[in-house]
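The lines below spell out each chain.
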Amino acid sequence: MALRAQTGPYFGDFGGRFVPESLVAALDELGEAYDLAKLDPAFGEELAELGRSYTGRPSIITEVPRFAAHAGGARVILKREDLNHTGSHKINNVLGQALLTKRIGKTRVIAETGAGQHGVATATAAALFGLDCVIYMGEVDTERQALNVARMRLLGAEVIAVTAGSRTLKDAINEAMRDWVTNVETTNYIFGTVAGPHPFPEMVRDFQKIIGEEARQQVIDLTGGLPTAVAACVGGGSNAIGIFHAFLDDESVALYGFEAGGEGAETERHAATITKGRPGVLHGARSYLLQDEDGQTIESHSISAGLDYPGVGPEHSWLAAIGRANYRPVTDDAAMQALRLLTRTEGIIPAIESAHALAGALELGRELGPEATILVNLSGRGDKDMDTAAHYFELYDQENAE
Amino acid sequence: MNTVGSVIRRRNEEAGGALIGYLPVGFPTFDESVEAAVAMVENGVDILELGLPYSDPVMDGPVIQAATQQALANGFRLADGFEAVRRITARVDAPVLIMTYWNPVVQYGVDRFADDLVAAGGAGLITPDLIPDEGSEWIAASERTGLDRVFLAAPTSTDARIGQVVEASRGFVYAVSTMGITGARSDVDRAARTLVERLTAADAPASCVGVGISTAAQVAEVLEYAQGAIVGSALVNALATGGVAAVGELAAELARGTRAE
Chain H
1 MALRAQTGPY
11 FGDFGGRFVP
21 ESLVAALDEL
31 GEAYDLAKLD
41 PAFGEELAEL
51 GRSYTGRPSI
61 ITEVPRFAAH
71 AGGARVILKR
81 EDLNHTGSHK
91 INNVLGQALL
101 TKRIGKTRVI
111 AETGAGQHGV
121 ATATAAALFG
131 LDCVIYMGEV
141 DTERQALNVA
151 RMRLLGAEVI
161 AVTAGSRTLK
171 DAINEAMRDW
181 VTNVETTNYI
191 FGTVAGPHPF
201 PEMVRDFQKI
211 IGEEARQQVI
221 DLTGGLPTAV
231 AACVGGGSNA
241 IGIFHAFLDD
251 ESVALYGFEA
261 GGEGAETERH
271 AATITKGRPG
281 VLHGARSYLL
291 QDEDGQTIES
301 HSISAGLDYP
311 GVGPEHSWLA
321 AIGRANYRPV
331 TDDAAMQALR
341 LLTRTEGIIP
351 AIESAHALAG
361 ALELGRELGP
371 EATILVNLSG
381 RGDKDMDTAA
391 HYFELYDQEN
401 AE
Chain D
1 MNTVGSVIRR
11 RNEEAGGALI
21 GYLPVGFPTF
31 DESVEAAVAM
41 VENGVDILEL
51 GLPYSDPVMD
61 GPVIQAATQQ
71 ALANGFRLAD
81 GFEAVRRITA
91 RVDAPVLIMT
101 YWNPVVQYGV
111 DRFADDLVAA
121 GGAGLITPDL
131 IPDEGSEWIA
141 ASERTGLDRV
151 FLAAPTSTDA
161 RIGQVVEASR
171 GFVYAVSTMG
181 ITGARSDVDR
191 AARTLVERLT
201 AADAPASCVG
211 VGISTAAQVA
221 EVLEYAQGAI
231 VGSALVNALA
241 TGGVAAVGEL
251 AAELARGTRA
261 E
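In order, the protein sequence lines correspond to chains H and D. With the first letter of the first sequence counted as 1, position 98 gets the number 98 in full-length UniProt numbering; the numbers rise by one all the way through. With the first letter of the second sequence counted as 1, position 206 gets the number 206 in full-length UniProt numbering; the numbers rise by one all the way through.
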C-alpha cells in the first residue's frame, strides 16, 4: 500500500483513541462528519475557495541563494506558509475544522495553543464564522507570546491562562480536553496538530497536506525535478506532515523532521520527543513521548513555544519506526542563529519554530553537498517572536530593556 | 474473601447500596493517605478507590489535580501504589480498586502491573482513559489474574457502546453522572438515572455512579436507582482541609446516605 494512503486510527503501532468514554460520542460524530465531508465535492470546493480568497493559497516558494551559501552550496527553497493570512500554516487546518463545526451544528469552539499561532488561527475562523471561542494557553506561553494573546482577544476570543503542571502546551491540551468533556454537546474542539485521538491525526494531516502537494509541483516547475530532501520543524508535527505527505512515496526524497533540542538533547532541557523519548500514551494516542520510568510525562523545554511539547503525532512515530523519515534535534541557539541568518541574508524573518528547520537545512546542505536541493517548510513568520529575539540578540536600547 | 461484586450485592441486600470512596495515594503524605483510606473504611466506606497520581489527569477537576500534583511533587512512585494497597488490605477487609490513567500501566508492563496488584491484595482497576476498544491487553491480563476491570459509561454513550462496556466490565460499571470532570456539584445530574436505567437494561450486574457526589442526601438519591455511589473530590477536600479525622467524619456522614429510606 502507498504510504500516502495510510489512514487512522492506527499508524502501525501508533495512534488510537485513549480517551474518557465521555468523549467517544464526540469523536465519532466528528469522524463521521469528516468522512462525509471528504466525499462531498461542495465541502472541498468551499475549503479551496477559502484557501484562495482568504488564506492566500497557493503560497509561493522562494529560493534563497544568499542563505544557501551557508548550507554547503546546496539549493535551498522555502515553502512560504509564513505568508498565509494569520502568519502560519495553522490556518489551513482551522478553516477545515471550522467548516466541519458548522456542519455538525455546534456554536462554540475551543482550542489549545502553544506559540499562539493555532489560537490566533482559531480565533480568526471563529470571527469569520460567528462562533464563540475559548482558547487555552499555558501561563508560561501567555507571557512569552503576549502579542498573540492580544491578537486573540481583539478577535473576540476568550483566552484562559492555564496554571496547572508545566503551564505550557501539554497542560493547555489537558484543560481543553476537560472543557470538551464537560461541554461536548455544544462545543467542538479544534485541535491544532496531528497528535491527539483519532480522527485528529488523520484529519489535521489531510487539511495540511496541501502544503506538500503545492510545493512538490512548484519545485518540479522551478528545478525540473524532485528535491533531494524535505525539511520541517516538528513539535506535534502538523507542518511537517503537511509538507512530507505528498513526498511519502517518492523514494528518492529524504524527509527530515527537526525537533526542538533546547539546551541540547543530551541535557534534561529539550523537546526532542522522537530522538529521546519512547512509546507511550499521552493526550489520546499511543506515540513517542518524553516520560520517566513510571510513565509520568517529563516537562519539555524549547525557546520556541510552538515546539515545547513532550509528545508528537502518531504518524511521525510510525514514519520514524519504519525508517521513512529521519528526526534530529536542533538546539535553541542553532535555531536562533538560523533565524538571524535568514533575516540578514534574505530579508525574511522566520518564526523560531521554523528556524529549527532552517538550522537543520544548513546542516543537511553541508552533508549533502552542492548537488542537493532542499525544500524547507517556512511554517510561520517571526513577528510574534520579536520580544524573544530582541532579548536573545540584545536588540533593545538599554533603558528600554528594563 | 470480599470481592467488589460480593460487597455490592451484600450492601444492596442489607442497605440501600454500596459507598465507594476515592483518595489519591501519597496525599498529603504517603502515611496519611494510608491512614485516611483506613479511616474511610472504619467509618462506613464499603469499597476503596485508590488513585495513582499522574502528570496529565484529563478526567480530574481542580481539587484532585491539586492533590495529585502535590503527591507527585512529594516523590510519588508507582511502587508506592502497591505498597499502599498492601498496608490497607492488611488492616481492613474492604476491596481496594486502583484508579489509574493508562500510560503508567503501559510503562510498568500490563502483565507485571496485574501480577503485582494481585500480590498486594488489590481487587482490580478503574481506567478513566482506557475504553474497551483499546483494552485488549488489559482484558487478557485481568482474565488471567481474576482482577476486576471497571470501565466507564457516559450519558452520551450509544446503546452499542453501553453493551460493549457492560460486556467488558467486571465488578461494576462506572456511570459518569454528568458530562464533566470530577468535582463536587450541587445537583447530581438527572442524566445519571437514565444512564443507569440503560446499563440495567443492558444487563449490567452493577452500576455505580460517580462524578459530582458530595453529600449523604446525594448518596441516598443515587442509591435509589444505582447499586453504588462513588465520592471523590469531597473526601479529598476534607483530607486537604481537616486531615484524617475530617475524612473519617465525612465518610461516616456519607455512609448515612446508604441507610436512608
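Worth flagging that the hints you see were computed from the coordinates, not collected in a lab. Please note that the accuracy of each hint is not assured.
To be verified - Derived list of chain H stretches under chain D, where covered just means 3 residues or more per stretch with a C-beta under 8 angstroms from a C-beta of chain D:
1. 60 to 70
2. 252 to 264
As the list claims (entries may be wrong) - Pulled from the structure, derived: some chain H residues nowhere near chain D, Cβ distances all over 12 angstroms:
3. Ala5
4. Pro41
5. Arg52
6. Leu83
7. Asp132
8. Ser166
9. Ala176
10. Gly224
11. Val281
12. Gln291
13. Asp333
14. Thr343
15. Leu368
16. Leu395
No residue lacks a Cβ here, since even glycine has one placed at the ideal position from N, Cα and C.
Right, here's what the structure says about each hint:
no.: 1; hint: 60 to 70; result: violated (count 0)
no.: 2; hint: 252 to 264; result: violated (count 0)
no.: 3; hint: Ala5; result: holds, 23 angstroms
no.: 4; hint: Pro41; result: holds, 30 angstroms
no.: 5; hint: Arg52; result: holds, 38 angstroms
no.: 6; hint: Leu83; result: holds, 35 angstroms
no.: 7; hint: Asp132; result: holds, 18 angstroms
no.: 8; hint: Ser166; result: violated, 9 angstroms
no.: 9; hint: Ala176; result: violated, 9 angstroms
no.: 10; hint: Gly224; result: holds, 47 angstroms
no.: 11; hint: Val281; result: violated, 4 angstroms
no.: 12; hint: Gln291; result: violated, 7 angstroms
no.: 13; hint: Asp333; result: holds, 28 angstroms
no.: 14; hint: Thr343; result: holds, 37 angstroms
no.: 15; hint: Leu368; result: holds, 38 angstroms
no.: 16; hint: Leu395; result: holds, 37 angstroms
Checked against the numbered hints above, the structure breaks hints 1, 2, 8, 9, 11 and 12 and satisfies the rest.
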